[in-house]
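S.K.: Given the coordinates of chain A, work out where chain B should sit on it, guided by the hints.
These protein sequences, in sequence, are chains A and B.
Start counting the first sequence at 1; every next residue gets the next number (the working numbering).
Start counting the second sequence at 1001; every next residue gets the next number (the working numbering).
If you're looking for bench data, these hints aren't it; they were derived computationally from the structure.
The beta-carbon is built from N, C-alpha and C at its ideal position, and this holds for glycine as well.
A hint or two may mislead.
With the Cβ distance kept under 10 Å, some of the chain A side facing chain B (calculated, not the full set) [unchecked claim]:
no., residue
1, 273
2, 282
3, 300
No more than 25 Å apart at the CA atoms, straight line, and that leaves these computed lysine-lysine pairs for DSS-like [stated by the list, open to error]:
no., chain 1, residue 1, chain 2, residue 2
4, A, 252, B, 1302
5, B, 1252, A, 302
6, A, 302, B, 1047
7, A, 252, A, 234
8, B, 1234, B, 1252
9, A, 252, A, 222
10, A, 47, B, 1302
2 protein chains.
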Amino acid sequence: MSASVETWAEQIRAGEVRAVSRAITAIEDRDARAEDLLRRLFPNTGKSFVIGVTGAPGTGKSTLVDRLAGGYRGQGNHVGIIAVDPTSPYTGGAILGDRIRMQGHASDPGIFIRSMATRGFLGGLARTTGDVALVLDAAGNEFVLIETVGVGQDEVDIVRLADCTLVLLVPGMGDDVQNMKAGLMEIADIFVLNKSDRDGANRLEAELEAMLQLAPERDGWKPEIVRTVATENKGVDELTGAIARYRERFGKSPEHEAREIEHWRTRLLALAGEAVLRRAVSGADGEAALNRLAQEVASRGKDPYAAVRELLARADVAEKRA
Amino acid sequence: MSASVETWAEQIRAGEVRAVSRAITAIEDRDARAEDLLRRLFPNTGKSFVIGVTGAPGTGKSTLVDRLAGGYRGQGNHVGIIAVDPTSPYTGGAILGDRIRMQGHASDPGIFIRSMATRGFLGGLARTTGDVALVLDAAGNEFVLIETVGVGQDEVDIVRLADCTLVLLVPGMGDDVQNMKAGLMEIADIFVLNKSDRDGANRLEAELEAMLQLAPERDGWKPEIVRTVATENKGVDELTGAIARYRERFGKSPEHEAREIEHWRTRLLALAGEAVLRRAVSGADGEAALNRLAQEVASRGKDPYAAVRELLARADVAEKRA
Chain A
1 MSASVETWAE QIRAGEVRAV SRAITAIEDR DARAEDLLRR LFPNTGKSFV
51 IGVTGAPGTG KSTLVDRLAG GYRGQGNHVG IIAVDPTSPY TGGAILGDRI
101 RMQGHASDPG IFIRSMATRG FLGGLARTTG DVALVLDAAG NEFVLIETVG
151 VGQDEVDIVR LADCTLVLLV PGMGDDVQNM KAGLMEIADI FVLNKSDRDG
201 ANRLEAELEA MLQLAPERDG WKPEIVRTVA TENKGVDELT GAIARYRERF
251 GKSPEHEARE IEHWRTRLLA LAGEAVLRRA VSGADGEAAL NRLAQEVASR
301 GKDPYAAVRE LLARADVAEK RA
Chain B
1001 MSASVETWAE QIRAGEVRAV SRAITAIEDR DARAEDLLRR LFPNTGKSFV
1051 IGVTGAPGTG KSTLVDRLAG GYRGQGNHVG IIAVDPTSPY TGGAILGDRI
1101 RMQGHASDPG IFIRSMATRG FLGGLARTTG DVALVLDAAG NEFVLIETVG
1151 VGQDEVDIVR LADCTLVLLV PGMGDDVQNM KAGLMEIADI FVLNKSDRDG
1201 ANRLEAELEA MLQLAPERDG WKPEIVRTVA TENKGVDELT GAIARYRERF
1251 GKSPEHEARE IEHWRTRLLA LAGEAVLRRA VSGADGEAAL NRLAQEVASR
1301 GKDPYAAVRE LLARADVAEK RA
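Chain A on its own, in the form it takes in the complex:
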């Protein structure tokens, strides 16, 4: 078994698309071989530059990601794209195939596109996305683009995966987006004013500038603001330029290292939690025990904390058996 996993890892390191696809499916399905595979691939990771692209529904994230990918591809790079935006057209299109809106790149083997479904509880989307990014990294993609809608804790966790985070804004999206800006403000390394040919672009940029004046500088970096019209491929070169400047500034800095460590702290905790839960419900009677406890709590026959203690006792026993 492990010999075949090593062959699989070799194929991924060689960038074979089918092997990469199988790995992502294994990660999503929580296939037992995924961990073995990721352990083998891990030393080959850390080379991709990961770019997070986030913003409210309707800001044109998918189109921008498409154009960015095209730009990097034009420079001879390999590009991996992960769409974890539940409102993304890829997600809806997962049934019909991922490449519906990426028609320009559908036949280009240098661009790999995968949309992630929102899966059940154990592990969460951020963990899965992180593992998929590792696979795309090991497969030799110089750039990995992660698209996510910019709201919710899970999305913020996903954005933490990125080396550089782009926050998209669009002129004239009203009050709620104004409110959202505050939260997005903190995670933006670069602001993208997309659909900037619309009315209100100047006002939005002025508002952003005013907010940035008030915001504390993060490690001496003031986020650049770049205007784009992604549908017309306008401003994309300027954007890759701004990303390159950010990377130049932070690529090997102590600030970036601190961010990486913080990222792995969070991720190790998530992995550890998941491992314990897997132990707790392992074995033929594991699921039955969990169901019984859930039933007792639902009927108020037992409090949740007593139930958790029983569950953890099971996990400890399972570990001793292992």
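M.R.: The following block gives chain B in isolation, referenced to the frame of chain A:
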């Protein structure tokens, strides 16, 4: 200590607002007394009817929640409101006090409003929100309304807390919202067409009806569609009527019981994971050990799975000490 926690629990059971507020703060701060408190309150819970209200930014969730609360209050009920929408005006207003937009109810002690900040990793927002709902339940609120923006895994987890989930839609919100509908479809018990005085309300309702025809019935329930103009308090009585019919149908049904058990399954697993993580980083050297492991992984000196094994070994040792 435990005597004072019992006094605190007594005050909550009596519905004392300050005691409830303190409890929520303790839950958010992961104060050690929160678990003791919740264990004492747990037998007093299970009486509230919990309504989840979700939808994209701009659909008018806050206003609708405000009007629903007013409606239930008018029938003599006590109402608790939890706003966990990161785009919600309450969240932005947390600095200025929670009640900014709830001016009609600011002086009414029968309505308790609390906005939840998006907090750090351990436990997650869904767990915290669940515990806060238990406190509001124990405090004697006949209805608990949870407002959340309808995207992201965390939001879906939060919605799973509810006995009945309302999904808000608004005419004319474009492509991305069309895509979002698919995900929201599955969690909706009732659809609310808010801002239904706008152009396109008939078309949206027809589209929804068409989708509902195609969707498999859930436990024999076809979600009702209710039109509202929350800002003008229109359709709110119809909505409380639809909620009452849903409750009548599912309140004590085997389907509802199955949902409750499923809910507690998820929640017990989350609590168990959190308990283990707390153990793993407990003690004076716990944080240091986690930082060291994160650093080793970030520099590719160790793979994440090896690091997790070390972390869990720490948790086991911590447990034996306890």
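S.K.: It remains to establish, for every hint, whether it holds in the given structure.
M.R.: Now for the hints, and whether the structure bears them out:
{"no.": "1", "hint": "273", "result": "3 Å, holds"}
{"no.": "2", "hint": "282", "result": "13 Å, violated"}
{"no.": "3", "hint": "300", "result": "6 Å, holds"}
{"no.": "4", "hint": "A:252 - B:1302", "result": "20 Å, holds"}
{"no.": "5", "hint": "B:1252 - A:302", "result": "20 Å, holds"}
{"no.": "6", "hint": "A:302 - B:1047", "result": "16 Å, holds"}
{"no.": "7", "hint": "A:252 - A:234", "result": "30 Å, violated"}
{"no.": "8", "hint": "B:1234 - B:1252", "result": "30 Å, violated"}
{"no.": "9", "hint": "A:252 - A:222", "result": "18 Å, holds"}
{"no.": "10", "hint": "A:47 - B:1302", "result": "16 Å, holds"}
The structure is inconsistent with the numbered hints 2, 7 and 8, although it conforms to all the rest.
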